[in-house]
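Combine both chains into one complex, guided by the hints.
These are the residues of each chain, in order.
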Amino acid sequence: MVENAVFRVEGLRKSFGQNEVLGGVSLNLHAGEVTVLMGANGAGKSTLVKIISGVYERGGGAMSLAGQDFAPRKPAEAIRAGVVTVHQNINDGVVADLDVATNLTLDRLTGKGVPTLFNPSRVRRDAKAVADRMGLTIDLRARVSDLSLADRQMVAIARAMAHQPMVLILDEPTSSLSSAEADRLFRLIDRLREQNVAILYISHRMSDIRRLADRIVSMRDGVISGVFDTKPLDYEGAVNAMLGRKIHLDRIVAKGAARPVLTVEGLRIAQGARPISLTLGAGEVVAITGLVGVGKTALAETLFGVRRPLSGTMTMNGRPYAPRSAADAIAAGVFLVAKDRATSGIVGGFTIERNISLPFLRRMSNLAVLKRRVERATARRQIEELGIVCRSEKDEMPTLSGGNQQKVMVARWMAQDSGLFILDEPFQGVDISARRDIAAKLRASADNRATLLFVTELDEALETADRILVMSEQTIVGEHRNGDIDLERLLAEVAGGPLHSAA
Amino acid sequence: MTLRDYAIRYGFIVLLLGLVAYFAIAADGFVSPQSAVFIFQSVAITGVLALGVTATLVVGGFDLSIGSVATSAMMAAAYVMVVLEQNAVVAVVVCLLIGAIVGLINGWLIVYMRVPDLLATLGMMFLLVGLQRIPTEGRSIATGMTMPDGSVANGKFGDAFLALGRHRFDFFIPNLIPVSVVVLLVLAILIWFFLEYTRFGRMMYAVGSNERAAELAGAPVKAYKIWAYVISGVFASIGGILLAARLGRGDIASGNNLLLDAVAAALIGYAVLGAAKPNAFGTAVGALFVGILLQGLTMMNAPYYTQDFVKGVVLVVALVFTFALSGRGRS
Chain A
1 MVENAVFRVE
11 GLRKSFGQNE
21 VLGGVSLNLH
31 AGEVTVLMGA
41 NGAGKSTLVK
51 IISGVYERGG
61 GAMSLAGQDF
71 APRKPAEAIR
81 AGVVTVHQNI
91 NDGVVADLDV
101 ATNLTLDRLT
111 GKGVPTLFNP
121 SRVRRDAKAV
131 ADRMGLTIDL
141 RARVSDLSLA
151 DRQMVAIARA
161 MAHQPMVLIL
171 DEPTSSLSSA
181 EADRLFRLID
191 RLREQNVAIL
201 YISHRMSDIR
211 RLADRIVSMR
221 DGVISGVFDT
231 KPLDYEGAVN
241 AMLGRKIHLD
251 RIVAKGAARP
261 VLTVEGLRIA
271 QGARPISLTL
281 GAGEVVAITG
291 LVGVGKTALA
301 ETLFGVRRPL
311 SGTMTMNGRP
321 YAPRSAADAI
331 AAGVFLVAKD
341 RATSGIVGGF
351 TIERNISLPF
361 LRRMSNLAVL
371 KRRVERATAR
381 RQIEELGIVC
391 RSEKDEMPTL
401 SGGNQQKVMV
411 ARWMAQDSGL
421 FILDEPFQGV
431 DISARRDIAA
441 KLRASADNRA
451 TLLFVTELDE
461 ALETADRILV
471 MSEQTIVGEH
481 RNGDIDLERL
491 LAEVAGGPLH
501 SAA
Chain B
1 MTLRDYAIRY
11 GFIVLLLGLV
21 AYFAIAADGF
31 VSPQSAVFIF
41 QSVAITGVLA
51 LGVTATLVVG
61 GFDLSIGSVA
71 TSAMMAAAYV
81 MVVLEQNAVV
91 AVVVCLLIGA
101 IVGLINGWLI
111 VYMRVPDLLA
121 TLGMMFLLVG
131 LQRIPTEGRS
141 IATGMTMPDG
151 SVANGKFGDA
161 FLALGRHRFD
171 FFIPNLIPVS
181 VVVLLVLAIL
191 IWFFLEYTRF
201 GRMMYAVGSN
211 ERAAELAGAP
221 VKAYKIWAYV
231 ISGVFASIGG
241 ILLAARLGRG
251 DIASGNNLLL
261 DAVAAALIGY
271 AVLGAAKPNA
281 FGTAVGALFV
291 GILLQGLTMM
301 NAPYYTQDFV
311 KGVVLVVALV
321 FTFALSGRGR
331 S
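Quick note, the sequences are listed as chains A and B, same order.
Mapping of the first sequence onto our numbering: residues 1 to 503, in sequence order.
Mapping of the second sequence onto our numbering: residues 1 to 331, in sequence order.
Everything hinted at is true.
Using 27 Å as the maximum straight-line C-alpha spacing, the simulated DSSO-like pairs for lysine-lysine come out as follows: (1) 339/A to 222/B; (2) 394/A to 339/A; (3) 222/B to 371/A; (4) 371/A to 277/B; (5) 371/A to 394/A; (6) 277/B to 222/B; (7) 339/A to 441/A; (8) 277/B to 394/A; (9) 255/A to 441/A; (10) 50/A to 74/A; (11) 339/A to 50/A; (12) 394/A to 441/A.
Just the calculated beta-carbon pair ranges, DEER-fashion: (13) 26/A to 320/B: 47 to 53 Å; (14) 342/A to 312/B: 33 to 39 Å; (15) 401/A to 299/B: 53 to 59 Å.
What the hints contain is simulated information worked out from the structure, not anything from laboratory work.
Think of the CB as a built atom: it goes at the ideal place given N, C-alpha and C, for glycine as much as any other residue.
Next comes chain B alone, as it looks inside the complex (with noise of 0.2 Å):
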């Protein structure tokens, strides 16, 4: 191997403990139990958006609704619980199946309507954006809120959702890690394991690289790219319970960072160990790269404004990464 390819191989790795080390010398209390258990949670629910859409990146598409999915489900949980006054089985199961759904629709429009996906999924997320406002006129939820017709909606989040979002578990140190750093890790494991060693998860690479091929070789190539939807549409909503848990309440102002930060966590998972491809693990640690990111200029004092700019910076060199040096961007 030459210079070259152990830089496109290691070169992302090398980033990120290079900005680990840079952070432990520079901020204090950086290195310890408690800030990486805080990094990992601040990364849960993008980190599972990252996820999904990377099921829709392996056969060559793309998922711009998960955002508003998340915060969709979000209000949804709130909704059942706060106003129809259900249980948290009752909102977990609202909230996978408007998953499912708009997932279902993104695919149709995609495969049969052959709308771009980008721009299907874009309409879709200005869709949910404005229709999980409407039950409540653009209010947020939460447990004594007035409804449009004047009634009280007296009904609260169960002590089993909001364990969802605030328990933790007992790691060497007491009550160590969140519930949804668990959920992360089994749903990262889940979906790297189905890419990388199911047939389904093969047939949507071969799908994504060459789709006649993929058709000639006799796979339901539809089929598998509206799967492809239905799974980001699902981990989305999980995102979005997990969100509805940590909050306790529908609020329609939150979220709004899901969608960038999930996006870059799964494009910059294709630098992460040369992969030049959509895959779990790289999109598991461009999460944490994000979330690490983030957690560390936190602790120097950087302004919140500029995250955003430092996040798109990192996600520009990572595809420059990708695309120039390794040369697959061309073949």
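The shape of chain A in the complex, shown without the other chains (with noise of 0.2 Å):
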């Protein structure tokens, strides 16, 4: 196989400052074959493409295309030379008020030799020419914005076409498409398969990859952890390779629950999807794991009530819970560290001190008038409490480090007591030693709540929790001690395959 490897990727490297984050990727891509390529969150799969793509410069490392040395400085070179990428958002992909012809042929109107006047019959003429090579039936007088995700998706691709590439990359490209629509795709792929066009698959939808994979690469902290090749195609070992799993230095010991604390009866989160029913009891820390897309922040939105269930009814305490706000989920008791710090938790122009008070200012005023010096100490003592390296409750957030960032948002939620505490994805873009500092506090102080944590990394689960709940497809389907955890079958449910060997 090797020998026909069209592109070659030759222990790449990338840093961004301190922070490596590809630490020598060596990859070949093979004409006519769909090479899929798997990795959690900051395992460094954007960076690579960024590199391929020409967006990012490379740290070190060599990269070949058809036998001919590859290095684009710009994304330009990259297309030009024949590797083009389709990114994950589609919008940058085409120009919404433009119509569809005008998308196909839009890169044909820079750069040299291209005449000054736009001429719309020869723009209609090869825009025709471009759409039937790839199957395309959309009209080609229609505006992009009139058309639908999954069209606009394929309008990407078949400009990406245009260029007639050796090498085509798409990013997580069923992100936002439904699974008809994504049939759509697949055969599209299958089709630039047979005009062997080597394909770069980045996705964690297990349901695409056992679709299209012809090999499964599966990256993890910035280096390429597993190689599958031979068919049948070992999907639950390239998910292992992907969450990994390490010796785990500090196990923890798991306990048990004491009385419940939020009941969770029938409860649908997406259309067609099996109910979810669960018990969150005081004192324990529950993770819930599964890979990108399965509806984890869905049902982490849905408890904190800024998303409302299909069906199901919940019950906090003892009394009925039907939150419809934010404010209704405090109110009661409900609190959520949310995914995504720096677009749904960091207040950018507000102190440490103001970050950690803020859904907290009705309790910290008199008549509306805030009680600074309350809010004050409040902020001494988290910070006191969780280690957060600062120079006082006054610094401003961007000055601080990630780990440092996320420390204020557990500050902040933890600076009052909870009933259930919710944390999605809490150790996202977090160094080690911030992760087990807030791993250690969020047990130390576990006694009198329910903590549930939503994360990918199995390790952060392993790490954190008394009890693993997996999710697939939006709800959940495992339910595993930590403690005598059955690996295989945790990653098999993961991998939402059906199990091998008899459990």
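And the structure:
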């Protein structure tokens, strides 16, 4: 197989500051083959893609395309050389206000030797040729903004294919498509495979991967952690290589729950998903794990009241619990450290102190006038408690490291006692020592509340939780008590497939 | 602190003091209580409007309708007293209601109809400019005017109402401080206290900085945004009341500069003390800055048509202070 590799990556390295993101990645892509790249958040997939597509400069290593050295300095150079990338955000690949024909030929509007005048009939002729080659049946005169997401995706890919590339990179192309729409995309990809294009397909969706993959490459912590190319493909092995399993130095002692805090019955969070039932008890730390896009954040938001369930009931401390807003949830003692702190947690213009007090302003004020002394004392106490590294509680958030920013988010929601404390991906973009600090703090303070974590990385669940639930396809598919975990079964549940061995 | 930090923090205050010093030397009679009061009086109405627009800037919005809200309130006050022959209290209540209703509609358009703030309030501005002329078929309102149906309007501005624009309080010197200046100071202190020291103000800043974070912290984001436009509308209508009281008639040609001056004051406020965010104190200083500049230029006999240009230059310089030098515009 190696001899017909069209595209080769050899020992690619990249660091941002002191943070090494890629630590020597080697990868081969073959003509007429779909190679799926799997990796959890922060594994380095997007950095790899950006280097290949010429957005970032590489830090070391070599790339070659059809035997020639390949070192694009700009995205346009990569495209001209024959390596085309369709990025995750569909709307980056199309111009919404132009018609399909213009979009398909957009890249011919710039560059050397292009006539100054715009020739509509030639554009339509060229576009027609591109569309025919791709089997695209979209009206070429339609405006892209009037198309469905799937059609836009098709246009973006067809536009990329207009360059007749040797290598096509698709970055999570199905993340916003329905399954019927995804089917159309898969047929298009089949067609490209027949045309001998080497395709690198990045995805978390097991169903996509089962449908398309000729090979699977797993990535973890900036290196390739597994290559699977013998049929039948070992999907569980690939998931295992991506999520990893390290030796746990600080294995936790799992605790049992006392009284139940939250009971969920028959909760459906998506059309066609099986209902979820679960009970969370006081004193236990429960982690829900699963791949990206299986509904973890949707469940977290449903419990926190910012998303309505399709059906089902919830009970909190014996009382019916049906929050209609974050404010309802907070009033009922349900707190959420939301995923992606930069967009949904941190108030950039505020100091640490003001970020911590944000949800509790009513409790920290007297006739609407803020009690600044209480606010400051709370902030100082929380900085001390979580070991936030800063000069003072007056520091602005952008001056803190990622780990410390996350500690501020956790400190915010630990400033007052909660009944149910939910954390959605609390360890994302957090260094290992801050992660240990936060996990230790969560466990140490867990006694009088239920604690629920949503994590993609299995390690994080194993390090912090008493009980681990597995999510797949918008529902919970497995439950494990941390201690004597059957990892084979857990990984099979994560991968969403039927069990091979009798468990 | 580095020199750059000092420049960001105190640059604008130094510029303000430098300007005062320059005019004190260059323009005769610039340094006198009367001149100071005149400056205050000239900035009173724009200052009130600027404080209102600051509230919308705090929640990350913008209100272009303030100028026309003020002139609409002025026309309404004149109509209520001159044509409908009502007293001053009714006129003031009607004006405040107009401000609140326009604010509610602005907020509704922006929050529920998802019209971008600039466009929604721009549309409202055009709407009000037209609306205020309909009852009198485009004529100014004054006692004794002939109505479209041929009758004569005999009502007049109440004395109590006119006092809002013309009465002066004694302050060391008899008849020194006009009512409008007192109104400005009271409103400035109110909005400053509200934004800096109450939980509502704090949450408004949070909404402006990261809406989703504020929502996930339990804030009713939509309500906060609508309230900001209501505050802006009410403040603009107060500005209109003061304008009507000063003029003593409903003059369709007045108030053209209110929007530019008020927005300039609020945006200049970003640069004061390196705040890099909308704030009441900065807005007040910004309004003062514009007033001093115009008064000084007038006393030095600069032609009136250069004044808008100078204001524009000052605004652009202030924005450079805020966004380029402090580097916060990028984060």
